[in-house]
Amino acid sequence: MTVNRVGLVVHGGRAEAVAAARTVRAWCAEHAVGCRDIDVWQEGARHSAREEVDSAGDPDLIVTLGGDGTFLRGARLAAENDALVLGVDLGRVGFLTEVPATQVRAALDAVREERIGVERRMLLTLRASCRLEVPPHMEALLRYGRGPMLPPPRVRTDCEAGGDWGVALNVTALNDVVVEKLARDRQVSVGVYLAGRLLAYYSADALLVATPTGSTAYSFAAGGPVVSPRAEALVFTPVAPHMVFNRAVVAAPDEPIALRVLERSGQAAVSIDGQLRGVLSPGDWIGVYAAPRRLKAVRLGPTDFYGRLRERMHLTDAPAALADGEAPPLWPVTTPPPGDLAHLALPPAPGDTPPLT
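Under my numbering, read the sequence shown as residues 13 to 369, first letter to last.
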């Protein structure tokens, strides 16, 4: 594809990310491609995704240099501009990023020469009973060890008011939307609706709705299922619920999940991809939906999600099974699939995919 302008999202606290950024800038200079650092905190304030991509000249490729947190910031910008996003892995878990820093130049060459695939990841969006805002006194409490907060989500002007369907917020989430308690000494009480029907009243530390991509993040830590990032679903997971039914629920992509704070509950914080974006008072609600657009992530070869799951999560094998023998690292299929199985997605055998050069 033709790359006219690159936006850089750099984890400035890591020397290797800063060095990789120099490599990207040099590549852009060699190929007469515009390049601009965006989503940085040097000015002491955060801006909306629209403001940031506008200031960067509407990049058609976002390159993130860091871990999954840096990738999430870049994904917010890429989704706003319908741009491609390429994640360079400098983190510790790395479920979202694609290439190591040593191969960033080769990866940019592959994008320019169209030797890539584009993986479309599901995003979430919101409607709410009111606009989301963070009370001024809360920002000082949350600033320790962090950069400035994002501004409140804007209202989508292209959406109808919708009567009792609430305010359409111009915000997307790649991982999750979380409603959580504000007070240490009490849980938040929330009525949870799936596809318009009340599921249950929950008293919990938090309640979250995740995408398949986000199923390996907070939802996983809270006991939720691992869902293939190629799937289309909304994953509802309660966090430390004070009730017998503590299971996650996987809903279809056209089944919205709504969370209403009960009348005598305390206030609740709303976080989107780990960023606090607002506070709900008793009686307020949010509805979480599959967004109409998808994130376009650059992939340089087949994605071995399950191999990465085993490696990054350090999955432990059953001792009794180990005593009964060893299994090969891949399902040992070496011949072409028969016609009725040609549609299956399986990782290539070792040596089938040449390394990126």
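Bear in mind the hints are in silico, worked out from the structure with no lab data behind them.
Be aware that a few hints might be false.
Said to hold, decoys possible - DMTMM-like cross-link-like pairs, simulated, lysine to aspartate or glutamate; straight-line CA separation at most 25 angstroms:
{"no.": "1", "residue 1": "308", "residue 2": "49"}
{"no.": "2", "residue 1": "308", "residue 2": "244"}
{"no.": "3", "residue 1": "308", "residue 2": "131"}
Computed from a prediction, not measured in an experiment: that's the story for all the values here.
Taking the hints in turn, this is what the structure says about them:
1. Our distance criterion of 25 angstroms between C-alpha atoms is met by residue 308 and residue 49, whose separation comes to about 20 angstroms.
2. Between residue 308 and residue 244 the alpha-carbon distance is near 15 angstroms, which keeps this suggested pair within the 25 angstroms criterion.
3. Taken as a hint, the residue 308 and residue 131 pair is honoured in the structure, with Cα atoms around 6 angstroms apart against an allowance of 25 angstroms.
The structure agrees with every numbered hint stated previously.
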